[in-house]
Amino acid sequence: MFSRQEIVKHLKEMRHYIIFSSVIFLAGLVFGATNTGLHDYINSQIDSLRKVAQTIQTSENPTLGFLVFIFLNNTIKAILVMYLGLFLGIVPLFFLSINGMVIGYIIGLEAENGGGHLFDLIVKGLLPHGILEIPAILVACAYGLRFGALMFQGAGALVLKREGWGAKFERLMVRSVPMMVILTVTLFIAALIESTITPWLLSL
Numbered sequence: 016m017f018s019r020q021e022i023v024k025h026l027k028e029m030r031h032y033i034i035f036s037s038v039i040f041l042a043g044l045v046f047g048a049t050n051t052g053l054h055d056y057i058n059s060q061i062d063s064l065r066k067v068a069q070t071i072q073t074s075e076n077p078t079l080g081f082l083v084f085i086f087l088n089n090t091i092k093a094i095l096v097m098y099l100g101l102f103l104g105i106v107p108l109f110f111l112s113i114n115g116m117v118i119g120y121i122i123g124l125e126a127e128n129g130g131g132h133l134f135d136l137i138v139k140g141l142l143p144h145g146i147l148e149i150p151a152i153l154v155a156c157a158y159g160l161r162f163g164a165l166m167f168q169g170a171g172a173l174v175l176k177r178e179g180w181g182a183k184f185e186r187l188m189v190r191s192v193p194m195m196v197i198l199t200v201t202l203f204i205a206a207l208i209e210s211t212i213t214p215w216l217l218s219l
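Start counting the sequence shown at 16; every next residue gets the next number (the numbering used here).
Just so you know, these hints were derived from the structure itself, not from any lab. Only a predicted model underlies this, so the values are computations on that prediction, with no experimental measurement involved. We treat Cβ as the ideally placed atom computed from N, Cα and C, and that holds for glycine. Hints may be right or wrong, so weigh each one.
[As the list claims (entries may be wrong)] Straight-line alpha carbon distances no greater than 20 Å define the calculated SDA-like cross-link-like pairs of lysine to any residue that follow:
| no. | residue 1 | residue 2 |
| --- | --- | --- |
| 1 | Lys24 | Arg186 |
| 2 | Lys183 | Gln168 |
| 3 | Lys92 | Ile105 |
| 4 | Lys27 | Ala126 |
| 5 | Lys139 | Ala126 |
[As the list claims (entries may be wrong)] FRET-style restraints, in silico, Cβ to Cβ:
| no. | residue 1 | residue 2 | range |
| --- | --- | --- | --- |
| 6 | Gly181 | Phe102 | 16 to 24 Å |
| 7 | Asn76 | Glu178 | 55 to 63 Å |
| 8 | Arg30 | Gly169 | 18 to 26 Å |
| 9 | Pro150 | Ser18 | 15 to 23 Å |
Please work from the sequences and hints to get the whole structure.
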């Protein structure tokens, strides 16, 4: 199950779903940066995170608090989108779109304000942890989309009385377990970077 060759092989099989996840995420990013009609909704999402951040900031150990919050928040969501994709892939599609729009909105807002800190925002604020976090989220959503596609295929197999769907579903479930472990470790490292190195870089 945890064979490196098997994991790499399955990722190659998943490449179309990973590419599709990337396209949806990038579309959300562009949409969030250019569509002012969504700003109120995105602001409400950011405000809720800001309130949590303020609470953590006043705790005895803010760094540890941010690490735990970021790790649990990202990991729980990543695992959920993997398996809630069973509901026809709707959850991962929504998750990709929203995350893309939030990042696009933040970048677009900075650009509208003159872009003086745009380099710092991207290179110091997003890239250090995002280089791990974003691919992890894309892969998690790709698995969710694959589960959704399998459910469509299952409905077709039931109607047309085709065999073999159960074996495909079982294999995807088995292959998702090592990927879930890999994503958890990756998101922990990303959370560690975001809670320690990212604030330090932004303070320079």
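Subject >> Hints violated by the structure (listed by number, smallest first) >> reply: The structure breaks only hint 4.
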